[in-house]
Amino acid sequence: MTSSTLDQIRAASPLVHCITNYVTVNDVANVLLAIGARPIMADDPEEVEEITALCAGLCLNIGTLNARTIPSMLSAGKRARALGHPVVLDPVGAGASRLRTETALRILHEVRPTVIRGNISEIRTLAVGSGTTQGVDADAADAVTEENLAATADFLRAFAARAEAIVVVTGAIDIMTDGVTVYTVRNGRPEMGLVTGTGCQLSALLAAALAVEPLGLLAAVAETVALMDVAGEIAWAQMGERDGNATYRTCIIDSIYRMTAEELAARMNITKL
Amino acid sequence: MTSSTLDQIRAASPLVHCITNYVTVNDVANVLLAIGARPIMADDPEEVEEITALCAGLCLNIGTLNARTIPSMLSAGKRARALGHPVVLDPVGAGASRLRTETALRILHEVRPTVIRGNISEIRTLAVGSGTTQGVDADAADAVTEENLAATADFLRAFAARAEAIVVVTGAIDIMTDGVTVYTVRNGRPEMGLVTGTGCQLSALLAAALAVEPLGLLAAVAETVALMDVAGEIAWAQMGERDGNATYRTCIIDSIYRMTAEELAARMNITKL
Amino acid sequence: MTSSTLDQIRAASPLVHCITNYVTVNDVANVLLAIGARPIMADDPEEVEEITALCAGLCLNIGTLNARTIPSMLSAGKRARALGHPVVLDPVGAGASRLRTETALRILHEVRPTVIRGNISEIRTLAVGSGTTQGVDADAADAVTEENLAATADFLRAFAARAEAIVVVTGAIDIMTDGVTVYTVRNGRPEMGLVTGTGCQLSALLAAALAVEPLGLLAAVAETVALMDVAGEIAWAQMGERDGNATYRTCIIDSIYRMTAEELAARMNITKL
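Protein sequences, first through last, are from chains F, S and P.
1 is the number of the first residue of the first sequence in the numbering used here; add one for each residue after it.
1001 is the number of the first residue of the second sequence in the numbering used here; add one for each residue after it.
2001 is the number of the first residue of the third sequence in the numbering used here; add one for each residue after it.
The shape of chain F in the complex, shown without the other chains (with noise of 0.2 angstroms):
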């Protein structure tokens, strides 16, 4: 496999339309322009369908979703969708509460996302239509492992074909399908999930990555997955013996900034399942 997404990225600084939460957004916007992307963030129901038409790619992040974005996601959504722009779902705290649960299968149903991202517990609530998650992160007992891997790979193919997406599901390892082809991703740091966002900000280059594979390639998504992991192995390799969770969460979006083709090549570990 070859790392061309990043560089496509950077050549064609693809605007990027999020409707995400308050609480990594500050993050979602510089990882995007740390990447070659341009960022805009706009919620109203009024001008999200203007908005998103002057872009080429929408991440949906229901992180903290209210009665009056939720319109304005399905709108969006909507909109893009039918002018073939790529959109990405990112399911957060699916299964945490009903609202989240419906919102995201309503986004899934009427919006058709390219691209679902989430954490294991997330998805499974998306694939089963129902589900309980403790909070934002996977339940430990969801975990993706060796052992279970195979399973969790039949599972998602199925899932993904059902919703014509391509499935992501982050953690240890990372595994990703359309339906038919299964890849999984061996890079990244378990620290990463001790800064707010990581997974918020992977959604959104994944827009960022499809706005520039017009045919949603998996591949593409592969390589941008295994981005957000290198920057976390090569950031933590640069933390000093005082540096904690703040420092690392700045080293990251630093370590997309410098990052090279030739650098993401080398480093990632992309396995055709």
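Be a bit skeptical, because a hint or two may be false.
[What the hints assert, rightly or not] If you want the footprint, here are the derived chain F segments under chain S, 3+ residues with CB under 8 angstroms:
hint, stretch
1, 22-31
2, 60-67
3, 98-110
Hint data in this document are derived by calculation from the structure and do not stem from the laboratory.
Even for Gly, the Cβ is constructed at its ideal location relative to N, Cα and C.
Here the structure of chain F is known, so what remains is to put chains S and P in place on it, guided by the hints.
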């Protein structure tokens, strides 16, 4: 006093629900991760009762309150109390507008929070039932000093007894009481006031601390106040000559991530009045 | 030109009310603290008039405007003007949606802001009364260059005279006018555009500067524009080879925190056209 709360938080990793302002929410999430807790932000009336039921503690921060989130704070707060969960109220800017004063008083009376943490002007406003605050900082005229410490302690003790809450006032000298016992903490740096949200961060950490201290012990509160202050001291000592408040912001959270119970015990300056 | 605004802000420590977007709000608060001012963010219609009355300046930024905050901007703006407080309008993305263009024009006509600061595409949209902007960045076709500088100055001078406001366009060359005099600032770094919110930060700093310059002097505006740019230069000079836009974000705010009037005076490149 032993420094045990920190290790208990790390062992239990409590999920903390925050309905908090959008100015400092990212730092609040990262400081909870730094101490070993897990944050979840959710503020829509449709889901806050469900979300708070999953959690072990709740932090209500009125820093950017609005017509949609005020009912969320009240219903989440009541549900959390009904479940026996600790609730921290951070009455940001109480006294600066009628909306803030009235909302803080409603939360005080209808939710009956476990802990109320603010600057002296905010706490005076709540205790007296009205007030005029200049923005979100304490008025210089209100400052707690060695000279007025005993009188302030009496005032706060009476308010805490009436509110049946632990009341925490942070400033140059921090003072906290459960209506009977009064502790002071003499740690921290004045420059912490030049980083937006160090108070918001402390309020969220208090929710995490109380979540693992089911009796709501004043000692756990004092230790957590000291922990935030000691992190400010350690971080300040690392500042280079070109570093400013933005680097300080990062270093404070890093210092909490790296803090050990021994380090905290060696530096914390807690006195029973 | 002497560099006096910075010292005046530090001496007066003005309280600045911001109704601003949730993407960059934390940086806006920290940059106000870095320069010596005090931020307060409040956006609910029920409280914004009271809050702005406590303050010495107001910054209205439409970056994530919505149905609830648009009336807040109008009523806070009118109240601030009635009290003689300076009001800065940052028309983020004017031209990118009808809602943004119309809201910016309503603020322009109903509030009559003291200063309007944007990129050239946003300002053209306001001056012409309609426009098409590609997102929140200036269109390349609109860029201010040495070749079109005189024509741009004439255009802006006419708009500023009509709006009875100081108009500030930031870009590779910054240009500002009160409808009579025109200044340019040639400082800064192109990489500042890769940190989300440097424009938002400048707009808030302008509100702080005008709060201590009751005459709304164009000189104070020019100096503050130069200050932001010089901070970008100083911060860039400190960047290591692995640092990226996230570290740069931190260093820019730090550089404002550490800036002295002498340092600024020595580096700022302000020209009267």
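Evaluated hints:
no.	hint	result
1	22-31	holds (count 5)
2	60-67	holds (count 5)
3	98-110	holds (count 3)
In summary, this structure violates none of the numbered hints.
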